[in-house]
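Novice: Taking the hints into account, I'd like the entire structure generated from these sequences.
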Amino acid sequence: MADIRIPPLISLIPTTLFLLSSLAMAVDFLIPPQNLTNGATLVSEKSIFELGFFRPGNSTGFYLGIWYKIIPTHTIVWVANRESPINDSSAVLKINSTASSLALTQNGVVVWSSKPLRAVENPKLQLLDNGNLVLKDADSGEISWQSFDYPTDTLLPGMKLGWDFRTGIHRWLSSWRNSNDPSPGNFTLEMMKTAYPEPVMWNGSKEFMRSGPWNGLQFSAKPTSALPILVYHYENSKNELSYSYNLINSSLIGRMVMNETKSRREVLLWSESEKNWKLYATMPRDYCDTYGLCGAFGSCDIEETPACQCLKGFRPRVQEKWNLMDYTEGCVRNRPLNCSDETGFAIFPGLKLPDTKLSWVNESMSLTECREKCMRNCSCVAFANTDIRGSGSGCAIWIGELIDIKVVHRGGQDLYVRMLASELETKKTSSVVVGVIIGAAVLAIAGLVLVGFYLIRSRRRSLEGTGKDLEGQDEDLELPLFDLTTISSATDNFSNSNKLGEGGFGAVFRGRLVDGQEIAVKRLSSYSRQGTEEFKNEVILIAKLQHRNLVKLLGCCIQGEEKMLIYEYMPNKSLDSFIFDSGRKKLLDWKKRFNIICGVARGILYLHQDSRLRIIHRDLKASNVLLDIDMNPKISDFGMARTFGGDQTEGNTRRVVGTYGYMAPEYAIDGQFSIKSDVFSFGILLLEIISGEKNRGFFRPNSTLNLIGHAWNLWNEGKPLELIDASIGESYALSEVLRCIHVSLLCLQQHPEARPTMSNVVLMLSSESTLAQPKQPGFYMERDSLEPDSHSGKNESSTTNELTITLLDAR
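Under mature numbering (1 follows the signal peptide of the UniProt record, and there is no 0), the residues of the sequence shown are numbered -26 to -1, 1 to 785, in order.
For the record, the hints were derived by calculation from the structure and aren't laboratory data.
Be a bit skeptical, because a hint or two may be false.
Unchecked claim - DSSO-like cross-link-like pairs, simulated, lysine-lysine; straight-line CA separation at most 27 Å:
#, residue 1, residue 2
1, Lys167, Lys89
2, Lys212, Lys167
3, Lys180, Lys668
4, Lys473, Lys547
5, Lys547, Lys560
Stated by the list, open to error - Simulated DEER-style distance windows between Cβ atoms:
#, residue 1, residue 2, range
6, Lys295, Lys252, 37 to 45 Å
7, Glu691, Phe554, 24 to 32 Å
8, Leu688, Asp563, 16 to 24 Å
9, Asn213, Met349, 30 to 38 Å
10, Ser33, Leu712, 42 to 50 Å
Note that CB positions come from ideal geometry on N, CA and C, so glycine has one too.
Specialist: See the structure below:
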């Protein structure tokens, strides 16, 4: 039984009160903070740890905490009231036997209280020899609350860092603000709850360092140690996501602590001979651990000069910055990839795997199946095993840019990156080489002939006119064709002063025709991601659409190499220029925002149901919603849209196009698009309009969630109004805002069949009918959100003693 030392002034109180046996009323025991040395404390059975009041440094306040009793140096490992110091001797630690909870009060005011997991009949407070303070049932041993679930700046052996999905408890570390103030500092560590989880350090809201995902042996950023002193346990199941450690030699005393001053996580071992703490390991280990140091598709190798190098097959995006040792712009491919290109995969060994926020995982796949999965989806840029033990197993694939790659000497794992087949290294016999040379010569000659024919044909077409047939489809256009001279004159020869913006397709210019009409000219660039097919698609589609919430296409120009679309001019530009701008968002009160929401909904409904063709937009986002002079919304950019006939509502594509952060999970991973994938995108847009925050790149201190996950948490906690953009002020209609948040979560449900149609959305926004309760959203960057078999409920649990103490990271 725990030993409790009782100070003289309360020595007459019955000992049973301190043993916290079952009582029908709250039981109090007093620990006067003014008498710390001889005051009341709670000591673990073997006198390893001690609970009591302490005063850090030159602070005037007192805190309830736990420290080592077994060593002479006063080392705090846990603080209860770290944000609420006590300033006199009237503190009482109260145990409510009815609620099975603890409360620290001062003059009757609660300074700190515990959050019990469950009620117990006979509560007892006990400090264990591992440093865990538990409130439990004295008879059954069932725990009502424990300090290990609420760590501060220290992770002790046996403590878990991560998530308990059954209770909703999130265990993470945060540094002290300084040596005199134990309140949470800027430096934090947590386990990211992504499809491929990994520990991450944060400095405020800025991602500071990743440890890489668990690979069956260790986190991938960790070098392998020949003389480990720690054994690690990693758990990833539907009930729990966590890791913990223990010392191989149980006679050692060690701890992991977040050091605010030095912005690092330290592992310290107690030296009995020197009577002080010895630094064993730190994170970050070196310069290359800095998050995103080398940008997209850049790799950091501390043994190279310079440390940042582009992956083979890539080059610096901005060579001038690279020369000045500014690598943040990252790298781009030597040659862009198209879905029609012949590709393969280059192996890059010994790496910390890239940032896992845009990854997908299936733990049952083999490496061969993983390669095939990635090959079938042209948006997949890389893949790797999730478990490197034995011959390897499990599949992780990455969508989009590869960020924060590091070369790990004496560790790391293989990453397979998609490359053009022509850039892959292969061994060829001399006969094959000769054959290739001959074949290349034949192709070159044929190519010259074709080029000559093309030039002659192009010259003839340009002399004949403006390319009126658009490859034989002039009869379908139903809109005027402008000649290049007219458009060039209207835009002052495409001057920079008339440029409205630029995207992956090229630039948009403001112009004025001779009759005074203002126009917006979308000029397709030679390097555009929107090719000829997308251009034709947009011309043919939008020419047939007429709706007040769709942008109006006035005509097009196809002459020589020039391809342009001429739209009505929108003086207020796009929605994103308002809601994501700290100054301009104040111009959008709730009435205007709600009008935009309803207008966009009506525009999508027209595309899905009321137009001559059923159209799925596939790239609905804030930048593709334009605003006219009265702030009415008009959906634009139909280059990625797909049409259906009859009752068809879904399809598949090998080429996944659109914008990450707006895509539905089933579309981003498997290319399955439908009217419900547009509904998902609308749900994200709805949240962004309400909150004034971007879904992609959304950050909150002490949180791993994107905007969708943040909204879902607030909804479940009964605090949905905290989502509202502060710049709206108090002018909003409460019922409308709540309904819009409710509708957005219905649109964002994981399974497409659970999401409403746009006709139902329009009805829900315009009525006061009772709405169904939303189910778990399918937010793409969260675990278990992409496919039903992503984890299959499989409990992935592993223990290793092959790792050193430098492995642990989080938040």
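Novice: It remains to establish, for every hint, whether it holds in the given structure.
Specialist: Hint check:
no.	hint	in the structure
1	Lys167 with Lys89	23 Å, holds
2	Lys212 with Lys167	12 Å, holds
3	Lys180 with Lys668	16 Å, holds
4	Lys473 with Lys547	12 Å, holds
5	Lys547 with Lys560	16 Å, holds
6	Lys295 with Lys252: 37 to 45 Å	42 Å, holds
7	Glu691 with Phe554: 24 to 32 Å	25 Å, holds
8	Leu688 with Asp563: 16 to 24 Å	22 Å, holds
9	Asn213 with Met349: 30 to 38 Å	34 Å, holds
10	Ser33 with Leu712: 42 to 50 Å	44 Å, holds
Of the numbered hints stated above, none is contradicted by the structure.
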